[in-house]
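K.L.:
The primary structure of each chain is shown beneath.
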Amino acid sequence: MELFDLFFYIFASVIVISGAVTVLNKNLIYAAFALLILLSSVAAMFFILGAEFLAMVQILIYVGGVLILIVFGIMLTGQVKSVPMRENFVYLLIAAVFTGLLCGLLVTGITARPDMTLTADIASTPIKMLGNLLIGKYYLIFGMLGVLLLVILIAAAGMARNNKE
Amino acid sequence: MVGLNHFLILTSILFSLGLFGVVTRKNAITVLMGLELILNAASLNFVAITRFTDVAASGQVISLFIIVLAASEAAIALAIVLNLYKNFNNVNVDEINSLKE
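Protein chains in written order, with the numbering used here: chain C, 1 to 165; chain Z, 1 to 101.
Honestly, the hints are just simulated from the structure, not real lab data. Possibly wrong hints are sitting among the right ones.
Computed, partial: chain C to chain Z, Cβ under 10 Å [unchecked claim]:
hint	residue
1	F46
2	C103
3	I122
Only some residues are given here: those of chain C computed to face chain Z with a beta carbon under 7 Å [as the list claims (entries may be wrong)]:
hint	residue
4	F7
5	F8
6	V16
7	T22
8	L49
9	G64
10	G65
11	I68
12	T77
13	V107
14	I110
15	D115
16	I152
17	M159
Just so it is clear, the structure is predicted and the values come from calculations on it, not from any experiment. By construction, the Cβ of each residue, glycine as well, lies at the ideal position given by its N, Cα and C atoms.
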C-alpha cells in the first residue's frame, strides 16, 4: 500500500506538470514531447491500478500511433514555432478564470463525498475477463468500432490524398 | 492513504488543463493535443472507478473503446489539418472561417 501511494504521487505530479507544459509551451515540438511524457505516465497509472493490458494498449496506440501522427502533423504544417496563444490577454484571463472555476467546482464536489479506499491489495485484471466482456456484454460496441475504423481508414486516405491535378 | 478521490481530483485537474488548452490555443494541432488530455482524463477515471468499486472490468473495456476512438479522431483531424494547410497555408483556427476558398 505504501508503495502504491508513493507511485501515485510521483506519477500524478508528472502528469500535472507535463500537462501544463503541453498546454502552455510556445514550441510545438516541446509540447508534443511533454504529451509523450504525459501519455506514458497515464500508462504507468493504469499499470499501478492493475490494468496492465490497458497500459500496453495505451503505449502502443497513443505513444506509438497518435503521438507520431501529431508530430507528423506539426512537421508537415511547418508550425513548429508559431504564435501559440490568443494575443488578447482578456481572452486568456477569462479562459483561466473559468477553467479554474470548473476545476474548483469539480474538486469541491468530489471531496464532499466519502472517500473510497482499497480493501485488498491490487491484483491484475485477468485478460480472459476483458476478452469475455468484449465478445459478450459489449459485443455491439466492439462490432460498431470495427465498422468505424474501416470508415476512418477510407475517409482519412481519401481526404489526405492530393486530388489537385 | 490514496483513495478514489485522489484519482478523481487528478483527472479533474487534467480535464481542466485540456479544456484550457482547447479554448486558448490558436494552432489546430495544439487544440488536438488538448483534446487528447481530456480523453486521457476520462479513461483514467474509468479505470480508477473500476478498481475502487466492484464492477468487474467494465470500466477497462470502456477505456479501451476511448483509446480506439481517440486514435480514429486523431487520424481524421490530422487529415483535415493537412487539407486546411494546403488550402489556407496556415492552421490557425481563428482565421479559418470558410469551408471553401
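K.L.:
Hint by hint, note whether the structure agrees.
P.N.:
Hint check results:
1. F46: Interface hint status for F46 of chain C: holds (6 Å vs cutoff 10 Å).
2. C103: At 4 Å from the nearest chain Z Cβ, C103 of chain C passes the 10 Å test, so the hint holds.
3. I122: 7 Å, holds
4. F7: 9 Å, violated
5. F8: Result: holds, 5 Å to nearest chain Z Cβ.
6. V16: 6 Å, holds
7. T22: Check passed: Cβ of T22 of chain C comes within 6 Å of chain Z, closer than 7 Å.
8. L49: 5 Å, holds
9. G64: At 10 Å from the nearest chain Z Cβ, G64 of chain C fails the 7 Å test, so the hint is violated.
10. G65: 6 Å, holds
11. I68: 10 Å, violated
12. T77: Hint holds; T77 of chain C Cβ to chain Z Cβ min 5 Å, cut 7 Å.
13. V107: 5 Å, holds
14. I110: 5 Å, holds
15. D115: Constraint on D115 of chain C satisfied, holds at 4 Å.
16. I152: This hint holds: I152 of chain C lies near chain Z, its Cβ roughly 4 Å from the closest one there, short of 7 Å.
17. M159: Because about 4 Å separates M159 of chain C from the closest Cβ in chain Z, which is inside the 7 Å limit, the hint holds.
Of the numbered hints stated above, those contradicted by the structure are hints 4, 9 and 11, listed in ascending order.
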